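Based on the provided sequences and hints, a complete structural model is requested.
Okay, here's what each chain looks like letter by letter:
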Amino acid sequence: MPSGVKPGKYFVQGDEAIAEGAIAAGCRFFAGYPITPSSETSETMARRLPEVGGICLQMEDELASIHSVGAASVGGLKAMTISSGPGISLKLEGLGWGIKNEIPYVVADIQRAGPSNGVATRVGQGDFYTVRYGSAGGNSSLIALSPKSTQEAFDLTIECFNLSEIFRCPVFLLSDETVGHTRELLVIPEETRLNVVKRFKPTVPPEQFAMYPLDTPGVINYPFPNIGEGYGICVSPYTHNSKGYASTAQDIQEKMARRLVFKITENLGRLVRVEKQKMEDAEFAVVAYGGNARPAIAAVDIARESGMKVGFFRPIIVWPFPDGEVLKVAEKVKTILVCELNIDGQLSREVGRAAKGKAEVHHLGSGGVEPHLPAQIFNEIRRLYK
Amino acid sequence: MSTVGDTLQVFHPLVAKYLRKERMPHMACPGCGIGQVVHATLLAIEELGLTPKDTVWVQGVGCNSRITYSTWVGDNVDAHHGRIFAVATGLKMARPDMNFILFTGDGDCGAIGGNHFIHACRRNLDVTAILFNNGIYGMTGGQVAPTSPVGAVTTTTPYGNIEDPFDMCQMAVTAGASYVARWKSTDFKPLVNSIKKGIQVKGLAFIEVLLQCPTNFGRYVLKTSQPQEVLKWIKEHSVNKKDAEKLTAEEIAGKYLLGEFIYRPERSGIVERYQEFLKKYQKE
Numbered sequence: 001m002p003s004g005v006k007p008g009k010y011f012v013q014g015d016e017a018i019a020e021g022a023i024a025a026g027c028r029f030f031a032g033y034p035i036t037p038s039s040e041t042s043e044t045m046a047r048r049l050p051e052v053g054g055i056c057l058q059m060e061d062e063l064a065s066i067h068s069v070g071a072a073s074v075g076g077l078k079a080m081t082i083s084s085g086p087g088i089s090l091k092l093e094g095l096g097w098g099i100k101n102e103i104p105y106v107v108a109d110i111q112r113a114g115p116s117n118g119v120a121t122r123v124g125q126g127d128f129y130t131v132r133y134g135s136a137g138g139n140s141s142l143i144a145l146s147p148k149s150t151q152e153a154f155d156l157t158i159e160c161f162n163l164s165e166i167f168r169c170p171v172f173l174l175s176d177e178t179v180g181h182t183r184e185l186l187v188i189p190e191e192t193r194l195n196v197v198k199r200f201k202p203t204v205p206p207e208q209f210a211m212y213p214l215d216t217p218g219v220i221n222y223p224f225p226n227i228g229e230g231y232g233i234c235v236s237p238y239t240h241n242s243k244g245y246a247s248t249a250q251d252i253q254e255k256m257a258r259r260l261v262f263k264i265t266e267n268l269g270r271l272v273r274v275e276k277q278k279m280e281d282a283e284f285a286v287v288a289y290g291g292n293a294r295p296a297i298a299a300v301d302i303a304r305e306s307g308m309k310v311g312f313f314r315p316i317i318v319w320p321f322p323d324g325e326v327l328k329v330a331e332k333v334k335t336i337l338v339c340e341l342n343i344d345g346q347l348s349r350e351v352g353r354a355a356k357g358k359a360e361v362h363h364l365g366s367g368g369v370e371p372h373l374p375a376q377i378f379n380e381i382r383r384l385y386k
Numbered sequence: 001m002s003t004v005g006d007t008l009q010v011f012h013p014l015v016a017k018y019l020r021k022e023r024m025p026h027m028a029c030p031g032c033g034i035g036q037v038v039h040a041t042l043l044a045i046e047e048l049g050l051t052p053k054d055t056v057w058v059q060g061v062g063c064n065s066r067i068t069y070s071t072w073v074g075d076n077v078d079a080h081h082g083r084i085f086a087v088a089t090g091l092k093m094a095r096p097d098m099n100f101i102l103f104t105g106d107g108d109c110g111a112i113g114g115n116h117f118i119h120a121c122r123r124n125l126d127v128t129a130i131l132f133n134n135g136i137y138g139m140t141g142g143q144v145a146p147t148s149p150v151g152a153v154t155t156t157t158p159y160g161n162i163e164d165p166f167d168m169c170q171m172a173v174t175a176g177a178s179y180v181a182r183w184k185s186t187d188f189k190p191l192v193n194s195i196k197k198g199i200q201v202k203g204l205a206f207i208e209v210l211l212q213c214p215t216n217f218g219r220y221v222l223k224t225s226q227p228q229e230v231l232k233w234i235k236e237h238s239v240n241k242k243d244a245e246k247l248t249a250e251e252i253a254g255k256y257l258l259g260e261f262i263y264r265p266e267r268s269g270i271v272e273r274y275q276e277f278l279k280k281y282q283k284e
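Taken in order, these protein sequences are the chains called E and A. With this note's numbering applied, the first sequence corresponds to residues 1 to 386, in that order. With this note's numbering applied, the second sequence corresponds to residues 1 to 284, in that order.
No lab work stands behind these hints: they were computed from the structure. Bear in mind that the values here come from a model prediction, so they are computed numbers and not experimental data. In this text, a Cβ means the ideal position worked out from N, Cα and C, and glycines have one as well. Treat the hints loosely; a few may be bogus.
[What the hints assert, rightly or not] The calculated label-pair distances, taken between Cβ atoms and stated as ranges, are: (1) A:14 / E:133: 44 to 52 Å; (2) A:141 / E:138: 52 to 60 Å; (3) E:247 / A:235: 34 to 42 Å; (4) A:250 / E:206: 55 to 63 Å; (5) A:22 / E:221: 23 to 31 Å; (6) A:245 / E:58: 36 to 44 Å.
[To be verified] Simulated pairs of lysine-lysine, DSS-like, Cα-Cα distance not exceeding 30 Å: (7) E:201 / A:279; (8) A:53 / E:201; (9) E:198 / A:280; (10) A:21 / E:255; (11) E:201 / A:17; (12) E:198 / A:53; (13) E:243 / A:17; (14) E:198 / A:279.
Here it is, written out as structure tokens:
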């Protein structure tokens, strides 16, 4: 199968960069349901995947998309689906099946202003908790990465695929309409310069292989045998033992729940990725993620020009949340201003929790439609700066 | 024969060959028809020479799935409630060389998964789907199903069901499946032949089986716990498609038609079409 990597410089939207990143990561199955502002990814996949022998389907609904993607991964193909707010709500039903059976695949969420249908064509950042806690039943952890640019949309999509194989779980790319529809420079490097993780395969015979490593909950880089490889795998939404046989035993439920949480929480060191700017001498920190990081960085630059000691902090891997990194920031500065495109305060709440009272945490929210303007953020910095 | 604990277990040769002994005995209630359908499926597999290497069992959620999942000696994929056709689409597209046998129920396929069922038929996905129709929600304790007869008293229709039942075979024909048939659980030989035909046909094969559920359909709808009474009811409420031609509309009202409704082996499906499409557009 051809790699599909087309090195070069491109002037494209973030949504298109996701498709190129997925193909470069080895994605060969894509299923989606059209929804603004994510459809450009589906359209790019529909054009590009057949060129590399991949399969692209427009399914009958969001549920079918995510379930066929999980199943295609069980069938041996790296797979991805994409959506936005109202579609993500539906996809969460299928996400549980992927989490439970430890199936590697990627879901991209191009956030728009919500709730419900909201404003389909305009930006919002309301799915921060939805992707993390939306899957019913708890007893799981989740990985989500958030790009701020077209280039990062490409780079982080590859990283999402890699982490999904390493941790054997669905991974979210939590983008937003700003990044999705911003047309800017994308540099695709030579294939040899890309780090692509292949699916881990068992090295022991089927009778010795535990499909679900319940007794070693923190293990990563764990193999995933696909159907047709002689391992007689059992995939099931019910709580199951290490072979995949359903069980109602309390100890099996306990082990399964621990496995699904601990495989991520015992490897947090592998999952810290943040951006810091001008934090060395900062007394005030501005925190933002995704597309809204861009006006935040501009506002920090304006504040610096005005002589204020302001720095910038951004979680790139947003889930698991970088508690330790945020605490370091909180211990350094007096005030933290969190800028995000929701009124309820989602990222702010996490920052407030992780800051442990070491700094004052303020929320600058917006219902969405437009990203924050640098001047809005700068005015808030000026108001709060001591 | 083998011993599990202190119990001497004697396995049917088809069970010994194709099912996981450690998953036996199965969970079916006494008198349930699911075992008959599984028997017919295993015989079809045996007669066609399918193997665990080339065949996958796929289940949804419901009695039939709970009883059959993780029992096949090969690969087993159990879907969320209603998502069996969506899951089968991903599996079959990823592994077009393998056979997929789907076990689904009237709630799984006709209610919560109805949309996926329609579109799998429209795409004519090359899988064999066996619908276990017991006319009621069995696993959850006797609630009304989209297949329950009018007037049926169930735990959620205590005053009798006022809705008409869903003829899923007609839906499968209309939506585009290659092969559609309906049998009773007691029509053993036609059922075996039908499953064989379904596995061999290109495109989607949809085989509905009317089966007895003494535990819930018997208890709530027919006020009996006797499997033979439920079987008798099914017999009285079904008629062979050819025999029905001689009956008046009044005589066949409320009866299930049995037999083959369509067989169009020439109709291609998404799997075949995608392969052809890829050959055309794949660039080296």
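Each hint tested on the structure:
1. For the hinted restraint 44 to 52 Å between residue 14 of chain A and residue 133 of chain E, the CB-CB distance of approximately 46 Å keeps it satisfied.
2. A C-beta distance of roughly 26 Å is found between residue 141 of chain A and residue 138 of chain E, which places it outside the suggested range of 52 to 60 Å.
3. Between residue 247 of chain E and residue 235 of chain A the Cβ separation comes to about 39 Å, which falls inside the hinted range of 34 to 42 Å.
4. Take residue 250 of chain A and residue 206 of chain E: their Cβ atoms lie about 59 Å apart, and the range 55 to 63 Å holds.
5. Between residue 22 of chain A and residue 221 of chain E the Cβ separation comes to about 29 Å, which falls inside the hinted range of 23 to 31 Å.
6. Restraint check, residue 245 of chain A to residue 58 of chain E: a C-beta distance of roughly 41 Å satisfies the suggested window 36 to 44 Å.
7. Distance check on the hinted pair: residue 201 of chain E and residue 279 of chain A sit about 29 Å apart at the alpha-carbon level, within 30 Å; holds.
8. Our distance criterion of 30 Å between C-alpha atoms is met by residue 53 of chain A and residue 201 of chain E, whose separation comes to about 18 Å.
9. Taking the CA atoms of residue 198 of chain E and residue 280 of chain A, the gap is near 28 Å; set against the 30 Å cutoff, the hint holds.
10. The straight-line distance between the Cα atoms of residue 21 of chain A and residue 255 of chain E is roughly 25 Å, inside the 30 Å bound, and the hint therefore holds.
11. For the hint linking residue 201 of chain E to residue 17 of chain A, the alpha-carbon distance of about 27 Å falls within 30 Å, and the restraint holds.
12. A C-alpha spacing of about 24 Å is found between residue 198 of chain E and residue 53 of chain A, which places the hinted pair at or below 30 Å, so the restraint holds.
13. Restraint check for residue 243 of chain E and residue 17 of chain A: satisfied, since their Cα atoms lie roughly 20 Å apart, inside the 30 Å limit.
14. Annotation: proposed proximity of residue 198 of chain E to residue 279 of chain A holds, straight-line Cα distance about 25 Å (limit 30 Å).
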